[in-house]
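Asker: Heads up: the protein sequence lines correspond to chains A and B, in order. Each residue of the first sequence is one higher than the last, beginning at 1 in my numbering. Each residue of the second sequence is one higher than the last, beginning at 115 in my numbering.
Hints are computed from structural coordinates only; laboratory data are not their basis. All C-beta atoms, glycine included, are put in the ideal place defined by N, C-alpha and C. The reader is advised that the hints may include incorrect statements.
[To be verified] From the structure, some residues in chain A lie toward chain B, with a derived Cβ separation under 10 Å:
id	residue
1	12
2	40
3	87
4	93
5	97
6	99
7	108
8	112
Residues per chain are reported as follows:
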Amino acid sequence: EAGVVQSPRYKIIEKKQPVAFWCNPISGHNTLYWYRQNLGQGPELLIRYENEEAVDDSQLPKDRFSAERLKGVDSTLKIQPAELGDSAVYLCASSMRTGPYGYTFGSGTRLTVV
Amino acid sequence: KNEVEQSPQNLTAQEGEFITINCSYSVGISALHWLQQHPGGGIVSLFMLSSGKKKHGRLIATINIQEKHSSLHITASHPRDSAVYICAVLVEKLVFGQGTRLTINP
Chain A
1 EAGVVQSPRY KIIEKKQPVA FWCNPISGHN TLYWYRQNLG QGPELLIRYE NEEAVDDSQL
61 PKDRFSAERL KGVDSTLKIQ PAELGDSAVY LCASSMRTGP YGYTFGSGTR LTVV
Chain B
115 KNEVEQSPQN LTAQEGEFIT INCSYSVGIS ALHWLQQHPG GGIVSLFMLS SGKKKHGRLI
175 ATINIQEKHS SLHITASHPR DSAVYICAVL VEKLVFGQGT RLTINP
């Protein structure tokens with residue numbers, strides 16, 4: 001099994017430019033998570049999907065961040081426009097459903113905004 | 115105060131040493147995860163615990179629900195074990211510790 005697949009692996013953009021990240025979760029995993037991890041810190045949840053519904057987006061900066069999960073499978077996370085402080089690793093994870101189930105994380109996208 | 119505290123923050127040891135990383139939390143949880151993160155950024159799930167003890171190869175994880183404490187042990191440590199180890203507790207969502215950076219020298 002391929003695991004949680006994320007792309008791109010690395011991205012460098014100038015501030016004020018848009019950027020998008022893509023995530024393909026484990027087949028059959030209904031719950032999908034986007035996390036942001038700043039250097040030296042633990043990941044912080046941005047948004048959680050149950051199938052195609054965003055059930056927790058309270059930490060998503062909605063003025064510049066958006067996400068979608070069409071058909072309840074793949075998901076994209078977009079930032080427009082990017083700011084210097086958005087430089088971080090963006091991690092996608094999936095699990096069968098919300099609750100005490102195993103999580104599988106992707107390799108992450110390391111974003112550098114210059 | 116963070117809901118999840120790990121110790122130590124950094125740990126350097128020699129190959130072969132027995133390693134212990136500790137995690138304390140302050141809230142009621144439904145599960146606790148131990149995760150491994152290598153320099154490239156990807157995270158690997160090592161264990162999910164809700165009670166007792168789990169073992170996988172040279173890795174052992176224990177949890178004491180009453181004391182709100184978990185430990186991750188590595189026996190016969192090896193340089194390839196060098197990584198950041200993260201404890202995360204499941205409340206309504208995963209709450210992560212800041213991680214323990216482990217370096218095993220040959």
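Asker: Now, for every hint given, state plainly whether the structure supports it.
Answerer: Now for the hints, and whether the structure bears them out:
1. For residue 12 of chain A, the suggested interface contact is broken, since its CB lies about 15 Å from the closest CB of chain B, more than 10 Å.
2. Because the beta carbon of residue 40 of chain A sits about 7 Å from the nearest beta carbon in chain B, less than 10 Å, this interface hint is met.
3. A hinted interface residue such as residue 87 of chain A counts as satisfied when its beta carbon comes closer than 10 Å to some beta carbon of chain B; here the least separation is about 13 Å, so the hint is violated.
4. The criterion of a C-beta within 10 Å of any C-beta in chain B is met by residue 93 of chain A, whose closest approach is roughly 8 Å, and the hint holds.
5. About 12 Å separates the beta-carbon of residue 97 of chain A from the nearest beta-carbon of chain B, more than 10 Å, and the hint is not met.
6. Here the hint on residue 99 of chain A is kept, as its CB sits about 7 Å from the closest CB of chain B, short of 10 Å.
7. Given the 10 Å rule on beta carbons, the hint for residue 108 of chain A holds: about 4 Å separates it from the nearest Cβ of chain B.
8. Contact between residue 112 of chain A and chain B, as hinted, is not supported at the beta carbon level, the nearest pair being about 12 Å apart and thus beyond 10 Å.
Going through the hint list in order, the structure does not satisfy hints 1, 3, 5 and 8.
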